[in-house]
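Please work from the sequences and hints to get the whole structure.
If you read the sequences in order, they're chains A and B.
Counting along the first sequence from 1, when you hit position 222 you're at 222 in UniProt numbering, and nothing is skipped either side.
Counting along the second sequence from 1, when you hit position 17 you're at 17 in UniProt numbering, and nothing is skipped either side.
Derived from the structure by calculation, the hints contain no laboratory data.
Hints may be right or wrong, so weigh each one.
[To be verified] Reference excerpt, derived from the structure (chain B facing chain A, CB under 10 Å, subset only):
id, residue
1, Ala-45
2, Phe-82
3, Leu-91
4, Gly-136
5, Ala-149
Beta carbons are placed, not taken as given, at the ideal position from N, Cα and C, and that holds for glycine.
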Amino acid sequence: MDLLALTEAEWTAVRLSLRVATVAMLASLPFALLVSMILARGQFWGKSLLNGLVHMPLILPPVVTGFALLLLFGRRGPVGAFLAENFGLVFSFRWTGAALACAVMGFPLMVRSIRLSIEAVDRKLEDAAATLGASPAWIFLTVTLPLILPGILAGMVLSFAKAMGEFGATITFVSNIPGETQTLSAAIYTFTQVPGGDAGAMRLAAISVIISMAALMLSEAMAAAAARRTVAA
Amino acid sequence: MRLQVEARLRLGTFAIDAAFGSQAGVTALFGRSGSGKTSLVNIIAGLLRPDHGRIMLDGDVIADSKRRLFTPAHRRRFGYVFQEARLFPHLSVRGNLGYGRWFAGATGSGEEFGRIVAMLGIGHLLDRMPATLSGGERQRVAIGRALLAAPRLLLMDEPLAALDDARKAEILPYLERLRDETRIPIVYVSHSVAEVARLAERVVVMENGRVKASGKTAAVLSAPSPTYETDRRDAGALIVGVVESHDEGHELTNVRAGECLIRVPHLIAEQGQSLRLYVAGRDVMLATRRPEDISALNVLPGRIVSLSPPRQGSVDVRVDCGGNVIAARITTLSREALDLQPGKQVHAIIKTVALDY
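Shown next, in the form of structure tokens:
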């Protein structure tokens with residue numbers, strides 16, 4: 001058997017991981033944009049509390065985050081029960097739960113990246129846009145958004161990369177079900193637990209290295225572009 | 001066109017309490033840095049909200065704190081040219097120029113676009129990005145961008161301050177054309193007497209957030225005891241003249257002012273165009289006899305009108321040279337040595353290069 005050929009089960013894990021990471025990244029983007037804007041521009045009581053809350057998943061052991069998700073978004077959890085009843089959205093032991101876990105784990109990275117780019121925007125440019133007749137909404141769309149776009153893209157890439165590597169919170173929240181919640185990391189873990197699984201673990205590990213490296217390099221390139229473009233002329 | 005501004009605003013320990021009116025043409029807000037000029041212009045633009053105040057343009061109430069009325073900046077249609085050009089770095093020059101035009105409903109035809117681009121000489125820059133432009137080019141694009149938004153009023157906050165002398169000389173003629181060719185009233189912030197003298201019809205002198213004096217440029221700038229303490233170093237007199245001819249070989253412009261012919265450096269302005277020159281008192285020498293073999297090109301015979309009381313060892317002598325009053329700053333020692341008295345015949349000597357902008 002060719003050492004480089006992936007088995008059907010391995011392919012399933014790779015595809016699932018890509019789907020989970022993509023959904024996690026896209027679903028958390030609007031929230032990250034909103035929270036970044038609030039943290040970068042807002043002046044309100046409890047701002048540091050919000051900041052701390054956003055950064056929690058970065059500091060907490062992933063198992064704790066996964067456990068918290070289980071309590072909140074599980075079938076009997078307050079949020080989980082509400083969403084299941086009203087929207088038919090079930091997280092526990094589904095790939096959607098894996099995506100939620102990945103989104104939460106990648107959230108602080110995405111917010112940090114977007115927030116930094118918002119803070120780098122020269123507000124004087126927004127004033128200039130206002131004197132040219134642009135309303136606040138138009139200013140955001142035509143000036144702020146284009147200027148922070150590299151930061152947003154970099155944040156998305158980071159969130160994606162984090163999701164590809166996420167393990168602890170996912171396995172705690174949605175377990176390790178092949179074809180449903182067994183992502184790349186979980187599959188590698190499973191391979192290492194069975195005799196003769198080394199070859200499979202190696203192949204998947206190689207794939208995860210390639211994907212993560214590509215994501216990081218893309219993110220670096222975009223951060224550099226962000227730095228170049230937000231310098232006001 | 002009539003703009004009326006009344007504003008009171010406390011910014012930390014600094015307070016602005018100013019009121020002025022302006023008519024069509026250029027009104028200069030003049031004063032040293034930190035006198036509150038920029039804050040006042042930001043209040044007019046709607047970027048700063050005054051504690052108390054009222055802004056009216058042609059009877060149209062733009063903001064009135066008593067009636068709790070405040071038109072946000074984007075609905076005022078007041079063009080604003082900032083000290084730094086503030087071009088959008090992600091848009092090309094064409095995109096920057098089109099920005100305000102689009103929000104103005106692109107009422108101006110393509111003809112308007114072409115006319116303003118031609119007036120500012122930026123046609124060859126349209127496809128460039130702002131980062132690749134020189135300081136002077138950026139500022140011209142910024143002026144074009146503000147004009148193309150079809151403003152009712154144009155605010156300019158020291159648009160030349162960030163530029164070196166060569167770039168200033170490059171842009172000033174465009175500002176003069178802007179003043180002469182468009183009918184948009186302009187509020188022009190500056191701390192430079194020379195700029196104010198050359199551009200503005202009316203001057204509002206600001207000091208510590210308050211209006212210290214206001215009136216016609218010639219009257220305010222040439223007042224015997226300068227009403228502006230801004231920079232005594234810069235005190236002088238304003239001469240209004242008409243471009244009579246050009247000396248292309250030597251790159252000089254001859255300006256006729258009353259009976260005097262004054263030579264000004266560079267080939268500026270068209271023949272027949274009216275030009276205001278500001279002659280700083282420290283650039284003027286006095287001689288009791290006509291000097292010969294001297295490099296200074298402008299030797300104007302005249303009669304002393306008055307002498308100011310001495311201050312810090314110098315006096316300002318006002319000389320009537322064929323209908324123009326020129327102020328000369330000389331030491332008290334020179335005054336005694338030459339025995340200068342009102343009524344005495346003298347020659348005022350002005351180096352041509354001292355009239356550079």
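Here's how the hints hold up against the structure:
1. The restraint placing B:Ala-45 at the interface with chain A holds, with a minimum CB-CB distance near 6 Å, inside the 10 Å limit.
2. The beta carbon of B:Phe-82 is positioned within 10 Å of a beta carbon in chain A (closest approach about 6 Å), and the interface hint is therefore held.
3. Proximity of B:Leu-91 to chain A holds as hinted, the smallest CB-CB distance being about 8 Å (cut-off 10 Å).
4. For the restraint placing B:Gly-136 at the interface with chain A, the shortest Cβ-Cβ distance is roughly 13 Å, beyond the 10 Å limit, so the hint is violated.
5. A cut of 10 Å between beta carbons decides the hint on B:Ala-149: the least distance to chain A is about 5 Å, and the hint holds.
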